[in-house]
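Novice: Top to bottom, those sequences are chains A and B. When we follow my numbering, the leftmost residue of the first sequence carries the number 1, and every step to the right adds one. When we follow my numbering, the leftmost residue of the second sequence carries the number 1, and every step to the right adds one.
In short, the hints are calculated from the structure, not lab data. Be careful, since some hints might not be right.
[Unchecked claim] Computed cross-link-like contacts, EDC-like style, restricted to lysine to aspartate or glutamate with a CA-CA straight-line distance of at most 16 Å: (1) A/130 - A/184; (2) A/137 - A/120; (3) A/98 - B/139; (4) A/31 - B/35; (5) A/81 - B/140; (6) A/31 - A/150; (7) A/152 - A/136; (8) A/26 - A/159; (9) A/128 - B/69; (10) A/31 - B/101; (11) B/83 - B/124; (12) A/26 - B/62; (13) A/26 - A/75; (14) A/102 - A/120; (15) B/83 - B/101; (16) A/28 - A/75; (17) A/92 - B/57; (18) A/92 - B/154; (19) B/73 - B/154; (20) A/28 - B/139; (21) A/175 - A/188; (22) A/102 - B/141; (23) A/98 - B/140; (24) A/98 - B/141; (25) A/76 - B/119; (26) A/92 - B/124; (27) A/28 - B/141; (28) A/81 - B/69; (29) A/76 - B/69; (30) A/132 - A/122; (31) A/28 - B/140; (32) A/26 - B/140; (33) B/83 - A/188; (34) B/116 - B/86; (35) A/92 - B/62; (36) A/76 - B/71; (37) A/128 - A/159; (38) A/26 - B/90; (39) A/28 - A/184; (40) A/81 - B/35.
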Amino acid sequence: MKKISSIVVSLVLLMTFSAYSQNQGKLKSSKSHIKFYSHTAVEDIEANNYTSVSTIDTESGEVVFSIPMQGFEFEKSTMQKHFNQEGFLDTKTYPKGKLVGKITNIDEIDFSKDGVYQADVEGELSIKGKTKPISEKGSITVKNGNIGVESKFNITLADYGISFVKGKPSTNVAKEVEVTVLADYQAE
Amino acid sequence: MKKKKLIRLVAGVAIIGTLIAGSSAAFMFFRPHRDVQAAKTDYSLTNSEIVSEYLKDSQAADNKYLAADGDSKILEVTGTVNKISENYNDQKVILLKEKGDHAGVSATFTAETNHKVTDLKIGETVTVKGVIRSGAAFDEDLGFYENVILEKSDLVAQK
């Protein structure tokens with residue numbers, strides 16, 4: 001009798017543990033969209049990237065994005081070439097951008113319950129070898145076990161050593177660029 | 001009379017000059033993107049070969065494969081289809097990865113080449129041509145190995 005009850009107890013424990021570990025842990029995304037948008041009186045410029053990889057740790061709230069910089073595509077090929085070159089993003093020397101942050105209100109987000117949650121992210125963004133603190137808001141949508149993240153924030157190009165004093169870029173590229181992030185996550 | 005002729009000549013030269021400068025500026029401005037599939041392949045190799053090249057020395061591999069203006073090397077990569085998915089741009093993405101390898105090669109197709117993926121099955125060996133965007137590496141923050149990324153891909157051989 002004692003044996004049976006101990007087996008039952010360990011089974012219950014095991015089941016609880018496996019259910020727990022299924023809901024907790026790391027979420028991974030390889031389906032994402034990162035958009036740069038620059039607006040000036042002269043023209044609007046947009047670049048799109050679908051190649052980033054991301055993780056969210058649902059326990060600690062840690063968020064990571066790794067962004068292959070050569071994956072940004074522009075409508076005009078000349079702009080794309082400029083974007084990659086040394087004066088701009090120097091993507092050969094710095095092939096990846098990175099965001100490492102923390103969802104500071106992770107306790108308010110229930111990844112197992114459908115809903116839209118606001119996420120406050122604080123962390124650091126590294127572009128072109130320069131790391132700057134960022135603080136942004138995003139939303140996390142949980143629906144039928146799918147987890148989607150959306151965020152929009154601005155970055156100042158000069159913070160990352162990208163500034164233009166003369167020529168077309170100084171008039172046609174905004175000093176502040178709007179970044180839109182979309183990502184779809186699955187349990188790792 | 002002579003003065004008039006000179007003025008005409010100067011004006012003519014100026015007009016022609018403007019036309020040439022204008023059209024070459026327009027050409028630069030509207031220059032189409034490189035057609036990756038029409039361009040010559042720079043390197044043919046297996047997925048395992050390029051992954052191990054990157055894991056051995058990523059800087060040397062970046063120097064070899066990435067171009068400063070973003071028109072990086074065009075590769076034909078052969079490997080086993082491990083995963084088929086779709087991105088936010090409605091493009092098919094196939095992962096070529098061997099059992100036991102730390103990372104693979106992720107190849108994004110285009111609106112024009114998407115249909116080539118329809119009949120592909122997991123486990124098939126294929127050759128894909130595309131432009132490299134970034135290499136494979138272990139990322140400490142992510143906690144796993146990142147794949148080599150190819151874009152503008154098409155299927156060039158299927159076994």
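Novice: Hint by hint, say whether it matches the structure.
Specialist: Hints and how they fare:
1. A/130 - A/184: violated (27 Å)
2. A/137 - A/120: holds (5 Å)
3. A/98 - B/139: holds (10 Å)
4. A/31 - B/35: violated (25 Å)
5. A/81 - B/140: violated (30 Å)
6. A/31 - A/150: Judged against 16 Å, a Cα distance of about 12 Å means the pair holds.
7. A/152 - A/136: Given pair residue 152 of chain A, residue 136 of chain A holds - Cα atoms ~8 Å apart, limit 16 Å.
8. A/26 - A/159: Outside the cut-off at roughly 31 Å; violated.
9. A/128 - B/69: holds (15 Å)
10. A/31 - B/101: violated (22 Å)
11. B/83 - B/124: Roughly 11 Å between the alpha carbons, so the hint for residue 83 of chain B and residue 124 of chain B holds.
12. A/26 - B/62: Cα-Cα ~29 Å, so violated.
13. A/26 - A/75: With a Cα-Cα distance of about 35 Å, the restraint between residue 26 of chain A and residue 75 of chain A is violated, given a limit of 16 Å.
14. A/102 - A/120: holds (8 Å)
15. B/83 - B/101: Between residue 83 of chain B and residue 101 of chain B the Cα gap is close to 14 Å, so the pair holds against 16 Å.
16. A/28 - A/75: violated (30 Å)
17. A/92 - B/57: holds (15 Å)
18. A/92 - B/154: At roughly 24 Å apart (the allowed maximum being 16 Å), residue 154 of chain B and residue 92 of chain A break the hint.
19. B/73 - B/154: This hinted pair holds, its Cα atoms lying about 15 Å apart.
20. A/28 - B/139: Distance of about 13 Å is within 16 Å: holds.
21. A/175 - A/188: violated (38 Å)
22. A/102 - B/141: holds (12 Å)
23. A/98 - B/140: holds (12 Å)
24. A/98 - B/141: holds (9 Å)
25. A/76 - B/119: violated (33 Å)
26. A/92 - B/124: Since the Cα atoms of residue 92 of chain A and residue 124 of chain B sit roughly 33 Å apart, the hinted pair is violated (cutoff 16 Å).
27. A/28 - B/141: holds (12 Å)
28. A/81 - B/69: holds (5 Å)
29. A/76 - B/69: holds (13 Å)
30. A/132 - A/122: This hinted pair holds, its Cα atoms lying about 11 Å apart.
31. A/28 - B/140: Roughly 14 Å between the alpha carbons, so the hint for residue 28 of chain A and residue 140 of chain B holds.
32. A/26 - B/140: holds (14 Å)
33. B/83 - A/188: holds (14 Å)
34. B/116 - B/86: Cα-Cα ~13 Å, so holds.
35. A/92 - B/62: Holds. Residue 92 of chain A to residue 62 of chain B sits at ~7 Å (cutoff 16 Å).
36. A/76 - B/71: holds (13 Å)
37. A/128 - A/159: Cα-Cα ~10 Å, so holds.
38. A/26 - B/90: violated (26 Å)
39. A/28 - A/184: holds (8 Å)
40. A/81 - B/35: At roughly 14 Å apart (the allowed maximum being 16 Å), residue 35 of chain B and residue 81 of chain A satisfy the hint.
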